[in-house]
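Using the hints provided, position chain B with the ligands relative to the given structure of chain A.
Now for the letters of each chain:
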Amino acid sequence: MNWVGRRLPRTEDPPLLRGEGRYVADIAIGAKVVRFLRSPVASGRIATLRPPALPPGTVFASGADLAGVKPIRPALRRFDYKAVEQPVLPLDRVHFVGQPIALVAAESAELAEDLVEQIELEIEAEDPAVGLEAALAPGAPQVHAVAPGNVILEGAIRPEGFAAAMGAAAHVVEFAFRSHRVNATPLEGRGGCAEYDRATGRVRLAASCQMPHMLRSGICDLLGLPEADLQVIAPDVGGGFGQKMALFPEYPALVWLARAYRGRFAWIEDRNENLTASAHSRDQKHVLRAGFDAEGRILALEADILADVGAFSCYPVTSGVEPLMALAEYPGPYRLPAYAVRARGVLTHTCPMAPYRGVSRPVITFGIERLMDRAAAATGLDPVEIRRRNLHAEFPAKSPTGFVLDAASYIEALDEAARHLDIPGFRTAQAAARREGRHLGLGIAVFNERTGYGTPAFAARSMEIVPGYEVVDIAMTPTGEVEARIGSSPHGQGLRTTLAQIIADRLGVEPAAIRIIHGDTDRTPYGWGTFASRSLVIGGGACQVAADKLAAKLKRAASRLLQCGEEQVTLRDGEAVSGTGASVALKEVARIAHQRSELVSDSVGFNLAESGSYDPPGTFSNACHACIVEVEAATGAVRILRYLVVEDAGRIINPMIADGQVRGGIAQGIANALLEEIVYAPDGNCLSGTLADYIPPTCAEIPAIEIHHLETISPATLTGAKGLGEGGTIGAPAAVCNAISDALSSFGVDVTEFPATPPRVRALIRGAMIRGKA
Amino acid sequence: MTKREVRFTVNGEARAVLVEPRRTLGDTLREDCGLTGTHLGCEHGVCGACTVMVDGQPVRSCLMFGVQAEGAEIRTVEGLAAADGTLNPLQRAFWENHGLQCGYCTPGFLMLATWLLERGEPFGEEEMRHVLSSNLCRCTGYQGILDSVRQAARELGQWTESAPG
Ligand code: FES
Ligand code: FES
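In the order they appear, the protein sequences are chains A and B.
Reminder that position 56 of the first sequence reads as 56 in our numbering, one-by-one numbering, no gaps.
Reminder that position 92 of the second sequence reads as 92 in our numbering, one-by-one numbering, no gaps.
Bound conformation, chain A alone:
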């Protein structure tokens, strides 16, 4: 039976559908409720901080109480990175609106909030640096003294001969664009519940997180705790999208409380805290300059990248993650002979940046795909043709920054999308609509997505903490079920189902006989959690290695019982079968291996446990997104009429789950293109503190999405699968905004700022009309 490739319904679902999931807020019931006092000003010195009158059984703590706790200090081993420190609770200064200053714990949330309001706080406010321009202006307020000029990181590449390559261009295309700040907005916010176990002296922290082992390491490092004395659990997690990777100060504060007061303390953030004080992303400005030859082939690209990283760096990836990813991955799927780049991370007095699904790739894909459309216009080519001329067609290929691009289907995906779109038919309809005063547009985005990369890739980023590998411990119980303990930590991706599909095929058992154990540092091997489209590729590869070792052991044991050579044994349908057709149930082999070990122990030892690990170099999945929109010129409103994806993620383990990842990612990408924006006032107040101000899309804004699959089986991964968790978010902003630009082409303007909200689109049209009259 082949389980890989089937649309198997998820084993995760039934309890969640019955309301029987256990999220951290469910675990937290009955614990002392922790609420934080957060800074109301962006920058300043704490002049007064006095606790309220505390009723019995309540706790107040501030930076003075946590004096022995080290600050969070993420680091890169790069001379051009400035390691800034974030105190868990500050002693003297605040750096952004929303930064936790002190905490109160009480019997109920109501009481804790009352007490937080009674804390006496005076801050001597100072001028903040808010926004890229303000932070880089001469004489700007300095966010941290260690980072003069507010530049926390600067990276640059400028190969010899670059100027000559650019100089040979027949056409030079140059523009600046702006990606505004967003929040990943998992529907469940952050939260943790820390409980001191008086019997053992250990603390158990349940947290809504993506990397439980990393969280344990981070907290233990700050508190000076042995890792063995902290258990971190990621229970059911209500979405993360990167935001829940980071070590936030609230978690060490909870563990500190649990230890200091030998009790159980929980903090469940509210939506306002999540929107204003968790982590933000994608606040970037790029300037691009590219040279093309007369036939539309790109000769040289120069990029200047600025990323607003907020007030602190995020642990463990650091605030280098956005600027450095943009620097390294700009060329994407295109052949680029000469590439020069400068990327800077800029500190501001705002909420810190953390990874959000896609990280910088939605931004660079917007940049390079706008560039292709502009170059198409400059060279008189159509948008499909100019891309076809520039995409890599031979593999393995090498990028200007040294990546090896494994086999992919860049041109095939583009052509397939063009075929489904019927572009000539669309152009006729577009012209007819224009005669009626309606503005239709078609946008394309081609990209690759680096996925499933292991230790070497992270080591190359000079991270002080280098993630990458995965280890899977697998065992068969005496009653014949398979337990696989993984270091990945799914939060909606359905890994319990897909990993079971992979293991089932290797062992010849049904997925129902497999338990995937995750999200608990006491029960799983050290691993890196779930992020960067890695878990199915790396965790899946490690599952395959571990399952193959277990299969060998089972065959060895069975060959004794069947009295044949072990190479004659095959595993299928829950049995071990010999060459002659004699068989023994795997359940029986399992029982004997544990309970009648004298029969097989000289061959397999005393258990059926194995361990597998996997640490691949990485692969690139790819896709072409295409979108048709209608822009209402009078209002600037954009309606998506059609959205189509041709996706190549190699071997698909479960097509239903793969499509779900693509659709969910695209919905977030469309939101990024049209709706969502975190806005700051010049004084550093965040104006996007509710879901009425920050507007994720509903089903009224997200169209049906057509998905077509190509399957370039990756030679670079064990299972042939490539990751696809982030692709949807990567392609959508470019495809949607390019479609809007196409719709506005008759006005002679295009979109260089997103989200392309109605006021922004309307301003473009109005500007064009005023210029037209002048």
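Warning: the hint list may mix true and false statements.
Pairwise CB distance ranges (calculated) [stated by the list, open to error]: (1) 435/A - 63/B: 46 to 54 Å; (2) 3/B - 15/A: 26 to 34 Å; (3) 133/B - 512/A: 32 to 40 Å; (4) 108/A - 133/B: 32 to 40 Å.
Everything labelled a hint here was simulated from the structure, so no lab data went into it.
Since the structure is predicted, the reported quantities are computational estimates derived from the model, not experimental observations.
Where is the CB? At the ideal position from N, CA and C, for every residue including glycine.
Leaving out everything else, chain B with the ligands in the frame of chain A:
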């Protein structure tokens, strides 16, 4: 603050709880009734994760106080499946159509769709989208949710290809 006693039924079972008047119905169900299937995603009436049925109407339990539920008949996600855990047709449709990923929004969508399915007026695509656009999901991109509710409506004879009227 002084607490007050409120009485109501949840999923057919009589309950009497002592709550502060300022405690929301959502918190009352979760903290005082132990029914944690109802989730809170925003606590300001936008996301719909907290949707329950009160006297036959879908209600955002974060926008209503527990004490306002005096005498009400409340239904929550915990009441949908059979006692042995067997999923009802709507829940099964969500399972078959990948109507959930992280599952956090799911109870709210299930209760909203339950109202739509039990209302007794068949509905079509447009009305389904209109009603379900009351709630937010951050994971699925909605298609799985719409497919699920459509399938359940067909199975329960509540679907019309074009909305009536
Ligand atoms: S929690 Fe009630 S609407 Fe969001
Ligand atoms: S399934 Fe995660 S929010 Fe809907």
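We went through each hint and held it up to the structure:
no., hint, verdict
1, 435/A - 63/B: 46 to 54 Å, "holds (48 Å)"
2, 3/B - 15/A: 26 to 34 Å, "holds (32 Å)"
3, 133/B - 512/A: 32 to 40 Å, "holds (37 Å)"
4, 108/A - 133/B: 32 to 40 Å, "holds (34 Å)"
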